[in-house]
Structures are given as C-alpha cells and as structure tokens.
Amino acid sequence: MMLTAVRLMALLTAVVLAGNAHAQDPRLEAAKKEGKVVWYTSLALPSAEKVAKLFETAYPGVKVEVHRTGSERILSRVMQELQAGIKNVDVVHTSDAGHFVLLKSKNLLLKYTPAGVDGFPAGFKDRDGYFYGLRATVSVIAYNTKAVSAAEAPKTWKDLLDPKWKGKMVTAHPGYSGVIATHVLALVNQYGWDYFKQLAQNRLMLVQSAVDPSGVVASGERAVAVDGGEYTFYQTKKKGNPVELVYPKEGVPLVVSPTAIMSFAPHPNAAKLFTDFGFSREIQQVMADSEGLYTGHPEVKYPADKPKLSELKLLSVDPEELEKRNEEIKKRFVEFFGA
Amino acid sequence: MSRVLTADVARAGVPRRLAGVDRALPVWAAVILLLVFLMALPLGWLVWMSVGAGGGVSLDHYLAVLHSPALMKALWNTVVLAFWVGLMSVAIGAPLAWLTARTDLPGKGLIRALVLASFVTPPFLGAFAWVMLAGPNAGVLNVLWRDVTGADGPLVNIFTMSGLVFVVTIYTFPYVYIMIANTLALIASDLEEAAAILGAGRFTVARTVTLPMVAPALVSGFILAVLQALALFGSPAILALPAGFHTITTQIWALFQYPPKVEMAAAVSMPLLLATALLLLVQKRLLGRRGYAAVGGKGGQRRPIPLGAWRYPALLGCLAVMACAIFLPYGILAKAAFARAWAQPLTWSNVTLGNFTFTFFEYGATRAAIVNTLELGVATATIGAVLVALLSYITNRRLIVGHQLVAFLAFAPIVIPGVVLAVALFIAYTRPPFVLYGTLAILFIAYLTKEMPVGYAQSDATFRTIPPELEDAGRILGAGRLRILRDVTAPLARSGIIAAWCFIFIGVLRELSASIILFTPTTKVMSVVIFDLKEEGQFGAIAVLGLAMLGLTFATVTLVQRALGRDVLGVRE
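These protein sequence lines are chains H and L, in that order. Counting in this note's numbering, the first sequence runs from 1 upward without gaps. Counting in this note's numbering, the second sequence runs from 1 upward without gaps.
Read the hints as simulated data drawn from the structure, not as lab findings. Because the structure is a prediction, the values reported are computed rather than measured. Check each hint, because a few of them may be wrong.
Once the Cα atoms are required to be at most 30 Å apart in a straight line, the calculated DSSO-like pairs of lysine-lysine come out as [unchecked claim]: (1) H:K237 - L:K335; (2) L:K261 - H:K238; (3) L:K261 - H:K197; (4) H:K63 - H:K50; (5) H:K324 - H:K301; (6) H:K308 - H:K106; (7) H:K324 - H:K238; (8) H:K238 - H:K331; (9) H:K53 - H:K36; (10) H:K168 - H:K155; (11) L:K335 - H:K146; (12) H:K164 - H:K249; (13) H:K53 - L:K73; (14) H:K324 - L:K335; (15) L:K73 - H:K331; (16) H:K164 - L:K73; (17) H:K125 - H:K32; (18) H:K36 - H:K155; (19) H:K331 - H:K104; (20) L:K261 - H:K330; (21) H:K63 - H:K166; (22) H:K106 - L:K261; (23) L:K335 - H:K50; (24) H:K330 - L:K335; (25) L:K261 - H:K87; (26) H:K50 - H:K168; (27) H:K330 - H:K164; (28) H:K168 - L:K108; (29) H:K104 - L:K335; (30) L:K73 - L:K335; (31) H:K166 - L:K73; (32) L:K335 - H:K168.
Derived list of chain H stretches under chain L, where covered just means 3 residues or more per stretch with a C-beta under 8 Å from a C-beta of chain L [said to hold, decoys possible]: (33) 44-51; (34) 66-74; (35) 216-224; (36) 244-258; (37) 270-279; (38) 330-337.
Even for Gly, the Cβ is constructed at its ideal location relative to N, Cα and C.
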C-alpha cells in the first residue's frame with residue numbers, strides 16, 4: 001500500500017516534470033483556450049481514466065473527456081456522428097487497426113507524427129504517417145487456478161476444442177472488441193474458420209469486452225477464457241485473483257492499438273498535446289508498469305514477471321486485411337456462436 | 001355517467017357554447033399539432049425506410065428479414081419469451097392480488113409495498129443482480145447450493161431462456177397484480193357469500209365465482225405482461241446475449257453496428273409494432289365488453305375471506321416471490337457496491353469504498369450522466385405533466401370536435417416499443433430539416449413520447465373526478481376558459497398532476513431501450529452508463545450506480561404517495 005503511494009508520487013512528479021518540459025510549447029496556450037480534448041478510447045476504463053488524470057495533472061487547464069467503449073462501438077459511433085454532421089471527437093484510439101485504414105481512406109484523419117515515435121518498430125507506424133500504435137497487447141488463454149490445475153490447463157489453441165471444456169469457457173466478442181476482432185482474424189489465418197466452428201461446439205459464454213473475460217474467470221463463473229487482452233488478465237492476477245495466463249507456443253495474436261487525430265478535431269491543439277503526451281516515455285512506461293501493456297517505445301522497461309514481446313511467437317495481422325474482412329469476421333462469429 | 005349527461009345538457013342550453021372555444025383554440029391546436037409531430041414524423045420515416053429502396057418502393061427489406069435465419073430466430077425467441085412471461089406473470093400476480101385484496105393474509109401492507117418496489121425496479125438492474133445471484137458457477141446461490149448439497153451442477157443457470165423468463169417475470173407480474181387487485185376491489189362479495197351460503201367451500205367459491213368475474217382482467221393482465229416482455233431490451237441483453245441468443249430488441253440494436261443496417265432495423269421493427277398494436281386492440285375489446293354487470297359500481301361490503309391454516313404458508317409464498325424480486329437482488333447489489341470482488345465473501349479485506357470513489361470521482365462519465373438524467377427527467381416530467389393535463393382536460397370536457405382522436409393519439413405511443421421508437425427517431429432526426437441526434441432534445445422527444453400514455457392515464461383519471469359544475473359556475477361569472485383552468489381546475493387537479501409528473505420522472509430514470517440507440521457520448525444517461533459498464537464487466541461501479549438509481553426512484557415514489565394520499569398501485573381499500 002505504502003509502496004504504491006510512493007510509486008504514485010514519484011510517477012506524478014515525473015509526469016509533471018515531463019509536462020513542464022513542454023511548458024514553453026506554444027500549443028499549450030492554444031490548447032488551454034480549447035479547454036479540453038475529447039478522447040474516444042477502447043483502453044480499459046480504469047487505465048483510460050488514469051492516463052486522463054495524469055495528462056490533466058501535467059497540463060492544468062486542459063481537460064480530457066474520456067469516452068470508453070469497445071473498439072467496434074467506437075467506429076459505429078464515429079460514423080453515426082459524421083452522418084448526422086456531429087463533430088465531437090478529437091482523438092480516436094481503438095484496438096482494431098483496420099478502423100484506421102478505413103478512416104484514412106475516407107480522409108477523416110489528420111496527418112500528424114507524435115513526438116518521439118521515430119524509434120518505434122515498423123508495426124507501430126502507418127506508412128503514410130496518419131496513425132501510430134499507442135500500446136499493444138497480446139490475446140492469450142487464461143484459466144482459474146481454483147478450478148483447473150496447471151497440468152490439466154489448456155496449453156494450445158487447439159486444446160480448447162476438447163469437449164471436456166464444454167460449458168466451461170468464455171469468449172469476448174469481435175462485434176464489440178478490436179482485440180477480439182484481431183484475435184479472430186489471426187487464428188482464422190492460422191487454422192481457418194473451422195477452428196471457430198469447432199470451438200463454438202463447446203457452448204461458450206459470450207461477453208462483449210476483451211476486458212471482461214478476466215473478470216469472468218476470476219469470479220469462477222467460467223474456468224477458462226479462450227481469448228482476451230493479456231494486460232487485463234495480468235492486472236487481475238496482480239490483484240491476487242486466482243488467474244493464470246497461458247501463452248500458446250504456436251503463437252499469440254499481437255494487437256497493436258493505434259491512435260489518430262481526426263481531421264475535423266474541434267480541439268486540434270489539445271489533441272496534439274494529448275497525443276504527444278501518450279507517446280512520451282513516462283506514459284509509455286506507466287502503461288507497461290501499472291497496466292501491463294506492451295508499447296513500441298524502445299526505452300520502456302517491462303515488469304520482470306511478464307514475458308518480453310521478443311520471447312513470444314507473435315501472430316500479426318495486416319490492418320488492410322482486418323479492414324477488408326471486418327464484416328466477415330463479425331458475421332461468421334455470430335453465425336457460429338449465436339449472438 | 002349521469003353526471004356527464006347533466007353537464008352536456010347544461011352546456012347545450014348555454015348559448016355561449018361556441019364561445020367556449022374562444023381564445024383557448026390556439027392552445028388546443030398547438031397541443032394536437034405537437035402530438036402529430038412527435039409521432040407522425042418518426043413513424044412515417046420508419047415505414048418509408050422499411051419499404052424504400054433506391055428511390056422506389058419495395059418489400060426487399062422484409063424479404064431479407066424473412067430469409068435471414070438469425071432474424072427469424074430472434075423473432076421466435078421474443079415470442080417464446082413474451083408468452084411465458086405473460087403466463088408466469090398471471091400465475092404469480094393473480095394469486096398475490098387475490099391474497100392481498102380478498103383474504104385475511106397477515107402483512108398485506110408489507111406485501112403491497114414490496115410489489116410496488118418490484119414495479120418500480122428497473123428490470124435491467126434486476127437482471128444484472130441475478131447474474132451475480134445465479135450465474136451457473138460463480139452465482140452466490142449456486143455456490144451455496146453446491147456447498148450444501150455437494151452437487152456438481154448448478155441449481156439454476158440464469159443464462160438460459162427459462163432464466164430470462166424468470167427474471168423478466170419477477171419485475172413484470174406487478175402489472176397483472178394491479179389489474180387484478182383493482183378489479184377485485186370493484187367486485188362486491190355478495191355473490192361470493194351467496195355461493196358460500198349454498199355450501200361451496202372457499203376455494204370452490206374462488207374458482208367458480210370470483211375467477212370468472214376477473215377473467216377479463218386476467219387476460220388483460222396477461223396481455224400487458226406480454227407487451228412489457230416484447231419491448232424489453234436490458235434484460236435480454238444481459239442474460240440472452242451471453243447465452244448466445246438474440247431477442248428482437250437486441251437484434252434491432254445489433255443492426256446499428258457499423259456498417260449500420262437501418263433499413264433492416266426498420267423492417268424488423270414492424271412485426272414488433274404490429275404485434276403490440278394487435279394485442280392492445282384485443283385487450284381494449286375485452287375490457288370494453290359490458291357483459292360483466294357484477295363488476296363495477298359500488299357493491300355491498302367486502303369481507304375478507306379467512307384463510308385459516310393457510311394464512312402463514314400463503315404469507316411465506318408471497319415473501320418467497322418478493323425475495324426473488326427484491327431482497328436477494330438488492331442484497332447482492334449492496335454487497336457488490338462495497339466489495340472488491342463480488343464473488344468472494346464480504347470479509348474485512350474485501351470491503352472497500354473504492355467502487356464509490358471510482359464511480360463518482362474518477363469515472364468522468366458518471367456525473368455528466370447523472371446531470372443529463374436529472375435534466376431530462378425534470379424537463380420531460382414537467383412539460384409532459386402539463387401536456388397530459390391539457391390533453392385530458394380537452395378530452396374530459398369534450399372541448400373540441402374530434403376529442404376522441406386526441407385521446408387515441410395520447411395513448412397511441414403505447415404501441416411503440418422503446419427500441420422501435422428510437423429507430424424511428426434516429427431516422428427522422430439524423431437528417432435535415434431536423435438534425436437533433438447528438439443533443440438531449442432527441443432523448444427528450446423519445447421520453448416524452450414514450451411516457452405520454454402513462455402520464456395521460458393518470459391525468460385522465462384525475463380529471464374524471466373533478467366535476468364540471470365548478471367550472472360552469474366560473475363561466476357564468478364571466479371568466480375565460482384559460483382563467484378557469486388556472487384558478488379553478490388546476491388547484492383541484494394539483495395532486496393528480498404531481499402524480500403524473502412523478503410517473504413520467506420514474507419512467508425517464510429507468511429508460512434504457514430507446515436511450516441505448518439515441519445516446520451520444522455527450523448525452524449519456526445513467527442507464528446507458530450502467531449498460532456500458534456492464535459490457536466491460538465493472539460490477540462494483542454498476543452496483544453503486546444502480547443503488548443511486550434506486551434511491552432516486554424511491555424518493556420519487558414517496559413523493560407520489562404523498563401527493564396522492566394513497567399508494568401508487570391504485571387499489572382502493
């Protein structure tokens with residue numbers, strides 16, 4: 001408890017210092033005039049609120065309006081608002097890279113390169129410079145250690161097809177979550193749709209957000225999660241819940257979650273400040289430390305109790321392909337799983 | 001009846017009859033125009049969208065619905081759900097009503113209060129609580145069951161059709177209860193006594209005398225319950241989706257995902273709309289029949305039927321129902337609000353106020369949503385109460401030609417389920433000339449339209465009790481119609497109008513099915529925030545917000561009881 005408080009203080013100091021470094025930034029005055037930045041984000045709610053608070057501490061006078069929902073809901077939202085001529089959102093951040101391909105093709109994104117992204121790996125950068133990966137996670141299997149022993153726990157994606165898991169598993173939904181949409185495409189590329197058709201035979205519980213399986217497994221409502229953001233399982237486990245993570249050795253879907261500023265952003269200066277802030281080493285480190293996320297920042301250190309990205313076999317998906325097959329993914333998933 | 005007649009005759013004799021139209025005419029005209037505008041425009045768009053294709057008219061969208069197994073399955077699921085909810089609501093509501101209205105059951109006041117509590121509990125909160133109670137593995141009832149019996153399987157699995165029927169029923173049976181209790185209160189007990197004197201046992205009396213007299217009310221209650229179940233969005237979204245099945249309301253909502261299929265949503269809405277209209281028509285026919293001379297009027301005395309040895313078992317039965325609807329769900333919500341992990345025992349290390357601080361101080365959307373909800377609630381209730389008061393005044397005093405049409409229009413929104421209304425409003429108000437999407441105004445219109453029938457019913461009942469003679473006296477003394485309305489009628493109707501205000505306010509507070517389609521991030525309301533949190537599995541925060549919502553609801557109910565001087569269920573003792 002004490003330790004957390006000390007770490008939080010240290011963190012706040014670091015962040016305020018980071019903010020001060022930008023204090024001369026001419027955009028700051030303009031941002032203060034705008035007063036706020038509107039952020040549609042799919043980052044888990046407590047994590048998103050934390051990032052917002054840190055920004056508000058570093059830049060007093062600029063508020064962050066957090067609107068958290070699933071990646072796919074965010075896209076629907078943005079498109080519906082555009083259709084009605086509503087210009088509300090400044091920064092869009094989802095876990096479905098395909099969204100950004102779509103938004104870019106419709107000229108809805110502002111071309112902006114956040115400070116400090118030069119050292120990021122290629123997978124975190126749009127080649128035209130419209131969007132950049134703010135964070136990354138992998139989709140993994142997790143199980144409740146009270147319900148399942150390490151020996152009998154599933155080790156591979158195909159283990160989940162075993163009928164012994166019937167009625168004992170949970171999945172999140174690609175119609176809601178970008179992490180899951182990415183996960184589904186990665187595994188479809190690996191094993192074909194047949195994999196999901198067979199998986200559905202095991203009568204899974206369907207939740208929406210990729211955050212939710214961790215809660216469902218922790219409470220013991222289901223023994224095994226067949227997907228979900230690794231960072232949410234990691235956080236749940238750190239809080240003392242009986243949850244263990246499995247990184248199948250055939251590979252884990254890598255989900256890079258881009259962020260971009262909208263071309264019509266009503267608060268462009270605040271949006272740029274906020275975007276830069278997100279890519280600063282301090283915030284990238286916060287995401288790695290307390291949230292358990294991966295990032296593209298080369299200097300970020302990761303907790304010792306987590307595998308490094310370089311130690312994992314990663315299954316990457318092409319954002320263009322994700323965009324093209326978006327509807328197919330949702331449709332077939334619903335076809336197999338019922339809703 | 002005779003009173004109305006005298007008034008009519010009296011008016012016919014007064015030469016100023018035409019002058020009665022006087023300056024008030026523009027007010028009436030405006031009110032009626034508003035009614036048409038609230039409904040005609042959105043519904044017009046809805047129908048047009050469902051048949052419009054590439055400029056022409058076609059049935060393509062309907063054919064697409066017919067040929068989509070998923071949509072047909074959703075329709076069928078809705079039919080199954082609604083039918084069973086109707087049946088179960090009657091099975092629970094009718095005996096409960098009979099027990100509290102007709103017998104010497106102990107603790108009647110308590111049972112009535114609990115039925116009322118179930119009546120005003122937002123169904124989606126109940127559904128959410130039952131996830132924690134009866135999730136097949138972590139649900140506390142199932143954990144207890146396994147601990148006690150050593151069984152392997154769960155006692156109940158709430159993520160099933162029968163689970164859904166159960167949860168919807170425990171918050172729908174009050175509709176049946178109200179119908180039956182109100183009817184029983186109007187039936188004199190002389191017929192029953194006659195049967196008893198002729199040697200029938202008390203249950204034979206109930207079966208052969210009382211039951212036939214309340215039969216129309218039973219069917220009517222059944223229909224009301226069916227209508228509730230048809231229109232419900234929250235409970236199916238919370239209980240059916242995890243089990244992998246849709247109902248028509250969740251399906252319509254899913255059609256709004258990108259890329260949105262609004263035309264399909266419009267086409268799927270039609271069966272729901274037609275079914276509702278048809279059921280209401282049947283109900284009206286049924287209640288309109290005059291074949292039940294024994295019902296109504298001021299009959300003789302009503303003596304409570306002694307239950308004898310059955311008194312306490314009956315009370316236990318009532319309490320068991322209320323445990324499912326109130327005690328257990330409220331208990332688990334309270335636990336989740338104060339627990340770090342809701343599924344773990346509430347030990348000291350598991351107790352926290354963190355859910356409260358997170359909900360009210362860290363989560364930015366909460367406060368904005370509470371403010372939005374209250375603003376919309378007050379605005380809708382205030383404007384709505386004035387509107388329904390005017391409307392029921394017009395219809396009760398027969399002030400204009402076609403006042404029957406006004407009454408019909410005021411009731412008409414009852415045939416539009418919330419989701420369908422939302423689809424219609426979305427289509428109508430996301431395009432010129434009226435772009436209201438993204439503002440609170442579109443939610444306001446939705447709420448006003450949706451709550452109008454309830455408010456109108458309450459207001460209508462109020463004006464029925466105010467005799468027109470006082471107003472006529474005012475007229476004779478030279479006051480205009482508007483002045484009389486203000487100085488004579490309004491003071492008399494005050495408590496009834498306050499009650500209408502409260503009914504509308506409670507309705508707005510719990511509204512989810514229309515809000516979920518019409519909200520934007522800046523116009524979130526409490527129910528939408530709760531639903532958002534549900535999708536991310538933030539149980540603690542949902543519990544906190546849910547309790548806040550219940551607190552607001554019960555405060556309003558207390559207000560309404562004060563205003564009416566009796567309880568909301570409207571049963572005369």
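Status of the hints after comparison with the structure:
With a C-alpha separation of about 22 Å, the suggested pair K237 (chain H) and K335 (chain L) falls inside the 30 Å cut-off, and the hint holds. Between K261 (chain L) and K238 (chain H), the direct Cα distance comes to roughly 42 Å. Violation of the 30 Å bound is thereby established for this hinted pair. The hinted pair formed by K261 (chain L) and K197 (chain H) meets the criterion: a straight-line CA distance of about 25 Å does not exceed 30 Å. A hinted pair counts as satisfied when its Cα atoms are at most 30 Å apart, and K63 (chain H) with K50 (chain H) qualifies at roughly 13 Å.
A distance of roughly 35 Å separates the Cα atoms of K324 (chain H) and K301 (chain H); the hinted pair therefore is violated under the 30 Å criterion. Taking the CA atoms of K308 (chain H) and K106 (chain H), the gap is about 36 Å. The hint is violated against a cut of 30 Å. Using a Cα cut-off of 30 Å, the hinted pair K324 (chain H) and K238 (chain H) is violated, with the two alpha carbons roughly 37 Å apart. A threshold of 30 Å between alpha carbons decides the hint, and for K238 (chain H) with K331 (chain H) the separation of about 35 Å lies outside it, so the pair is violated.
For the proposed pair K53 (chain H) and K36 (chain H), the alpha carbon gap of about 13 Å is at most 30 Å, so the pair holds. Using a Cα cut-off of 30 Å, the hinted pair K168 (chain H) and K155 (chain H) holds, with the two alpha carbons roughly 16 Å apart. Annotation: proposed proximity of K335 (chain L) to K146 (chain H) holds, straight-line Cα distance about 23 Å (limit 30 Å). Proposed proximity of K164 (chain H) and K249 (chain H) is supported: the alpha carbons are some 21 Å apart, at most 30 Å.
Of the pairs offered as hints, the one joining K53 (chain H) and K73 (chain L) is violated, with about 46 Å between alpha carbons and a cut-off of 30 Å exceeded. About 46 Å separates the Cα atoms of K324 (chain H) and K335 (chain L), which puts this hinted pair outside 30 Å; it is violated. As the CA atoms of K73 (chain L) and K331 (chain H) are separated by approximately 15 Å, the hinted pair is consistent with the 30 Å bound. Between the alpha carbons of K164 (chain H) and K73 (chain L) the distance comes to roughly 28 Å, so the proposed pair stays at or under 30 Å and holds.
Taken as a hint, the K125 (chain H) and K32 (chain H) pair is honoured in the structure, with Cα atoms around 29 Å apart against an allowance of 30 Å. Note on K36 (chain H) and K155 (chain H): the hinted pairing is violated, with a Cα-Cα distance of about 46 Å set against a maximum of 30 Å. A threshold of 30 Å between alpha carbons decides the hint, and for K331 (chain H) with K104 (chain H) the separation of about 24 Å falls inside it, so the pair holds. Distance restraint check for K261 (chain L) and K330 (chain H): the Cα-Cα separation of roughly 14 Å lies within the 30 Å cut-off, and the hinted pair is therefore satisfied.
Between the alpha carbons of K63 (chain H) and K166 (chain H) the distance comes to roughly 47 Å, so the proposed pair goes past 30 Å and is violated. Pair hint K106 (chain H) plus K261 (chain L) holds up; C-alpha atoms about 20 Å apart against a cutoff of 30 Å. Under the criterion of a C-alpha separation no larger than 30 Å, the hint pairing K335 (chain L) with K50 (chain H) is consistent with the structure, at around 26 Å. A hinted pair counts as satisfied when its Cα atoms are at most 30 Å apart, and K330 (chain H) with K335 (chain L) does not qualify at roughly 36 Å.
Distance check on the hinted pair: K261 (chain L) and K87 (chain H) sit about 22 Å apart at the alpha-carbon level, within 30 Å; holds. For the proposed pair K50 (chain H) and K168 (chain H), the alpha carbon gap of about 33 Å is over 30 Å, so the pair is violated. A hinted pair counts as satisfied when its Cα atoms are at most 30 Å apart, and K330 (chain H) with K164 (chain H) qualifies at roughly 27 Å. Only pairs whose Cα atoms come within 30 Å are accepted, and K168 (chain H) paired with K108 (chain L) is rejected, the gap being roughly 44 Å.
Pair hint K104 (chain H) plus K335 (chain L) does not hold up; C-alpha atoms about 47 Å apart against a cutoff of 30 Å. Proximity of K73 (chain L) to K335 (chain L) is assessed by CA-CA distance (about 37 Å); at most 30 Å being required, the pair is judged violated. Restraint check for K166 (chain H) and K73 (chain L): the C-alpha separation of about 23 Å stays at or below 30 Å, so the hint holds. Of the supplied pair hints, the one linking K335 (chain L) and K168 (chain H) holds, its CA atoms being roughly 26 Å apart against a limit of 30 Å.
Proximity of the stretch 44-51 of chain H to chain L, defined as three or more residues with a beta carbon under 8 Å from a beta carbon of that chain, is established by the 4 residues found. Evaluation of the coverage hint for the stretch 66-74 of chain H: fulfilled, as 7 residues show C-beta separations to chain L shorter than 8 Å, against a requirement of three. Judged by the Cβ-Cβ criterion of 8 Å, the stretch 216-224 of chain H is covered by chain L as claimed, because 7 of its residues qualify and three suffice. Counting residues of the stretch 244-258 of chain H whose C-beta sits closer than 8 Å to any C-beta of chain L gives 0, which falls short of three, so the coverage hint is violated.
Residue count for the stretch 270-279 of chain H with a Cβ under 8 Å from a Cβ of chain L: 0. That is fewer than the three needed, and the coverage hint is violated. With 4 residues having a beta carbon nearer than 8 Å to a beta carbon of chain L, the stretch 330-337 of chain H meets the requirement of three or more and the stated coverage holds.
In this structure, the earlier hints numbered 2, 5, 6, 7, 8, 13, 14, 18, 21, 24, 26, 28, 29, 30, 36, 37 are contradicted, and the remaining ones agree with it.
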